[in-house]
Amino acid sequence: MFSVVYASPIPTMREILWGSMFEWSNQFDISWLVMSDLNDFAIPSEHKGKKKPSLTRCLKFQENLNRCGLIDLGFNGPCFTWTNCRKGLENVQVRLDRCLANPSWKEFFPEALLNHLPRTHSDHNPSLPGSLALSLRFRCCFPTGLETE
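With positions in the sequence shown counted from 1, the corresponding number in our numbering is that position plus 1.
Simulated from the structure, these hints should not be mistaken for lab results.
Just so it is clear, CB atoms sit at the ideal spot from N, CA and C, and this is done for glycine as well.
Accuracy of the hints is not assured; some may be wrong.
25 Å max Cα-Cα, derived BS3-like pairs, lysine-lysine [claimed, not checked]:
(1) K52 <-> K107
(2) K107 <-> K49
(3) K51 <-> K61
Quick list of the computed label-pair ranges, beta carbon to beta carbon [what the hints assert, rightly or not]:
(4) F109 <-> K51: 25 to 33 Å
(5) Y7 <-> F29: 15 to 23 Å
(6) K51 <-> I11: 31 to 39 Å
(7) T121 <-> K51: 20 to 28 Å
(8) Q28 <-> P79: 29 to 37 Å
Model the full assembly from the supplied sequences, consistent with the hints where possible.
Right under this line is the structure:
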């Protein structure tokens, strides 16, 4: 099963979504991949800005992942996937976008991860699922510089 999820920035709405995801995780006994902007972060280092991140919020997010049996596949590229686009001390950056899977899906694709691409015109970095092995193989087929004879 493949799900694309956008979670509301409103905490009570996110809790309703997590309740639904928990039901889905128990209802379907199949491999499950979730690409998401869950509007939350798992550890304090995934949030950078003037305001200190809430450890309680991080623990709640981790608890929801565990309840649903989902594993963060990790990423390649820039750490933060969203910015408020403000300058200086007002700038906030957060890792909101992630690729999650249950152990059954991870068993089929152990090398899978999410590639965070460079941000250009949006407040979000684009993301592309893939694998580190595939990414490295792709890069190796292009020369790193011009070579002369």
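Verification of the supplied hints:
1. K52 <-> K107: 35 Å, violated
2. K107 <-> K49: 29 Å, violated
3. K51 <-> K61: 22 Å, holds
4. F109 <-> K51: 25 to 33 Å: This hint is violated: roughly 42 Å between Cβ atoms.
5. Y7 <-> F29: 15 to 23 Å: Since the Cβ atoms of Y7 and F29 sit about 20 Å apart, the hinted range of 15 to 23 Å holds.
6. K51 <-> I11: 31 to 39 Å: Given about 22 Å between the Cβ atoms, the range is violated.
7. T121 <-> K51: 20 to 28 Å: Holds, at about 25 Å.
8. Q28 <-> P79: 29 to 37 Å: Taking Cβ atoms as reference, Q28 and P79 lie about 35 Å apart, which means the hint holds.
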